[in-house]
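Chemist: According to mature numbering (1 follows the signal peptide of the UniProt record, and there is no 0), the sequence shown holds residues -22 to -1, 1 to 423 in order.
These aren't lab readings, by the way, just hints derived from the structure by calculation. Among these hints, one or two may not hold up.
Below, simulated DSS-like cross-link-like pairs (lysine-lysine); rule was C-alpha separation at most 27 Å, straight line [what the hints assert, rightly or not]:
1) LYS317 <-> LYS347
2) LYS16 <-> LYS142
3) LYS355 <-> LYS343
Computed beta-carbon distance windows for the label pairs [claimed, not checked]:
4) PRO242 <-> LYS350: 24 to 34 Å
5) ILE323 <-> ARG57: 36 to 46 Å
6) PRO308 <-> ARG100: 24 to 34 Å
7) ILE72 <-> ALA52: 22 to 32 Å
For every residue, glycine included, the Cβ atom is placed at its ideal position computed from N, Cα and C.
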Amino acid sequence: MTTLHFTLIFFFIFSKFTIIDSSSTPFVAPIEIDDSTKLYIISIFIRTPLESADLLLDVGGQFSWIDCTAGSYASTTHRYVRCRSDLCRSIDSIACSNCFQSSGPGCHNDSCALFPENPVARNAVLAQALVDTAALMTTDGRKIGELGAVPDFVVSCSDESLLKGLPEGVCGLAGLGRSNASLPAQIEKERRGRKKKGFLTEWPTRRGPKLQPGRERGMRVVFPLPACYHITVTPMSGAPTPFPIKVSSVYASPNIFALCLPNPSSPSPGSAFFNSAGPYYFSPGIDLSSHLLYTPLVLSPIGLTTIIYNHRPSAEYFINVTSINVNGIPVDLNRKLLKIDDDGIGGTRLSTVTPYTVLESSIYKAFTKLFKNESEKLNLTVTDPVDPFDVCYPASDVMTTRLGPAVPTVDLVMHSDDVFLEDFWREFDGEGGEGRRRSVVPRVC
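Construct the complete structure from the given sequences, taking the supplied hints into account.
Modeler: Structural data, given as structure tokens:
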């Protein structure tokens, strides 16, 4: 598989699955990073009475799922989705399911079935869809408001086997992909279908955190992306530096969600914004929505998930990277690998479930060769690598400048030469982006 994978730090989506207007209700949810797995966890409220659910954040996930094992899920408002119903067809179900055990949230006859997937372990199970009440905190971009209810939230059940390899305490997955059943699509659909949004007057099981995005700028990747990243959908036939990047939309009023992922070395949580084009205020009082560049999203004709859905486009988000430059020098690579072919192979995929950037093997070899050559010009000598990296340098040899570590610059050039992720090495100076703790991290990788 030749697809490039890049972990997100700040991600705005303008998507074509729905329309918003000025009366849209903005929502926000906290995002944490798991120290052990370096995966991201988003918290929303679900079931009745409402309880906080910690879910793996998957920006390319087709739908959300939650563990419905007996005793793990109880709600007075859940109901199953009947097979072959309009709702079942709208969430792209391809199977029906019967259950011969005790009736419960994930056990009904003639039920609409889905295939929830663990994107880390790459395994899936057959499970039943259900509808229940969910809720997220409202926001004006500066502070937390009331808790807004989404009464008819569709989610897939799963069993505890699907939780293996995920962060401890996680009970499911939040899918934010290009799908009718994704979390942002359902939030917007619910808003459009009701004249007046329902609000809760009391906090549920636990009070939500303050909206203080602060320093959500780090991540653990081989070649880290910039701090802020913004994108928009460009429809196809048939189907940071501290500055954010935004993608222009062909739609007058597109649906939007934004992710600001937390810094592993900072106690401040990240934030997910839904139904809001801004403002997104970050300390010290900066509205990032006013500092945006643009690049289009690309659609892959086939989703390469564990369960392959024939003739169905991928729910994941891709960007049009045209070149990788080191110190301004293009990496000598086969540019055909940067394009998505008819079988869904190739291209550059955005991901929140891969803790490091992944490159196709020939691109990786060419990149590391050029990077080492440019590093020698800075009197840097490779040292013993640290798994999973192949190229590392002694941190003591890397000088620190006002802009960051003195290492070769790495740029990802997008659809135009004047649109690129510029010098994202400057944000990081150690193994997995934690090099500022030199007493702990002796290498730059």
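Chemist: Decide, hint by hint, whether the structure agrees.
Modeler: Results of checking the hints against the structure:
Taking the CA atoms of LYS317 and LYS347, the gap is about 23 Å. The hint holds against a cut of 27 Å. This hinted pair checks out: LYS16 and LYS142 have alpha carbons roughly 15 Å apart, not beyond 27 Å. Only pairs whose Cα atoms come within 27 Å are accepted, and LYS355 paired with LYS343 is accepted, the gap being roughly 19 Å. The beta-carbon spacing between PRO242 and LYS350, approximately 26 Å, falls within the hinted interval of 24 to 34 Å.
For the hinted restraint 36 to 46 Å between ILE323 and ARG57, the CB-CB distance of approximately 40 Å keeps it satisfied. One distance hint, 24 to 34 Å for the beta-carbon pair PRO308 and ARG100, holds here, with the actual separation near 33 Å. In this structure the hint that ILE72 and ALA52 lie 22 to 32 Å apart at CB holds, the actual value being about 29 Å.
When the structure is compared with the earlier hints, no violation turns up for any of them.
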